[in-house]
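Top line first, the protein sequences correspond to chains A and B.
Under our numbering, the first sequence is numbered contiguously, ending at residue 361.
Under our numbering, the second sequence is numbered contiguously, ending at residue 315.
Note that these hints are calculated values from the structure, not bench results.
Glycine residues also receive a C-beta, built at the ideal position from the N, C-alpha and C atoms.
All the given hints hold, so there is nothing to weed out.
Not the full set, but computed from the structure, chain B residues with beta-carbon under 7 Å of chain A:
id: 1; residue: Gln213
id: 2; residue: Ala215
id: 3; residue: Phe220
id: 4; residue: Ala222
id: 5; residue: Gln226
id: 6; residue: Pro234
id: 7; residue: Trp311
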Amino acid sequence: MSLPLKNVPTADHQNTSPQVAPASTLLDLGGVSKTFGNVQALSGLNARIGTGEFVTVVGPSGCGKSTLFNIVAGLEEPDDGAGIQFRGQSCKARDLLGNVSFMPQQDLLLPWRTVIDNAILAIEMEGMPKAEARALALKMLPEFGLAGFEKQYPNQLSGGMRQRVALMRTFLFKRDLMLLDEPFGALDALTRTMMQRWLLDVWQKHNRTILFITHDVDEAIFLGDRVLVVTARPGKIKLELPVNLPRPRGAELVTSPEFISLKRTLLEAIEEESMKSFQATTGH
Amino acid sequence: MTSTHALSDLPRAALRGVLGVAIVGLIWEALVWALNVPSHTMPRPSQMASAVAATPDAYLSGFLRTLVETLIGFAAGAIVGIGNGVLFSKFTRLRQMVFPLFVVSQTIPVIAFGALVVLWFGNTMLAKSVIAFYLTFFPVTVNTLVGLQAVNPKQEALLRSFGASRWQMLIRLQLPTALPQIFVALRLASTLSLVGAIVGEWFGDTTGLGVLLLQAMYNENMVGLWAAILASALLGTTFYGLMALIERTCVFWRNDL
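Build out the structure end to end from the sequences listed, making use of the hints.
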């Protein structure tokens, strides 16, 4: 059902986008601040992620994206006064630990484990017997473009393949929320485009909620139902931009007028923040 | 890929090593013969071989005795050293209390310590193993600790997010990460434990390579001394080579080994 984009009337976008009426709010962050010594990384950040939504986060470098990531992953506690709600329940950041499947920038594969054993690391920790976990992962290999590679070691794989193994590990660790931190940042442009389309495919098939952090505006629009722009430090949400582009999304989308206009809006917002961030660090 | 490659190369590499030893032996033999060096200064390899052939039992039993002492001391040192490393990495206060004592223990000359061990354990095999242990546990402790502390914090955070217990963290991440470093220490320990066993034998015994060395020295038996030296070298090299082989098999993911 991939209609040529130019034939799709703008009003119809809303019907094809799944985020317009999310079933429920999965994660609600209210007034999240974080201070390290005399550096304020986040200041009163508010964000809401609906079940099944694909939300992307962009911002200038050093805007506290990583801090946000660590808080949502449950690895760091925000300053007092923050309100975190997960599945409608108030909780601490550390309660999210183990409830969120996260994938950091580096693939962090264990070099002594084969592809299949790296993929099952998380579910093995949960207590699934190794044989059962391997059988489960083996079935998923073709979908992740890794069929026939199960016995290889990470140092025998290309960067794109290593990233897919890490993503597979994240997908196998079935949690309501997936948190991805610039997973394609280290890949070359061509591989990155392929991986983005592939990720959308897998996301739609598996019905997951994704919070995706990136510094690439094209990537943020191409993937997301909504793009959140974070301000320069101290970080808060500067702009929340719904991306009402139809799915499934193809390569031709990035040159469409709708895409370009969204990109212009985002770039302007980010440019402003980058300047602030730049001036703050250079002292001008 | 790299590991199988390295392993298939192994027999050929071993063959070249043996060939090298044979060539050096031949040159040695030829030089001593050609320059007419007296055998009480530098004996020929063939003289050593016939000395060993004359009393093979003494050398064989000495070799086996020292081997057993070395292995017991090495195994104890490796187990205690790795255990200490794990404990010290988990309990910082314990490390701060005990580690300085370990350092002090290592500054005591092994000779002084050897006398003490003999008084405690007598002229037993255990006494030699204890000295071998004394020389090995410390480097293994230090290297295990260094290896465990080299774990990538991001990797730790990732496993924590998967709900890993402390035990799982140790077994699945920390120990494998430390393994290359641990093997560096085990290779070192394989030679140190031999030194410990031989020094231990000097404090009094009737069998062992150390005993053969001592007897040859007292009798000014240059041929016997060299035969004992070469027997020790054979034991040490074989043990070291075996450790290196195990290292290659266990730490296969390191390309630079």
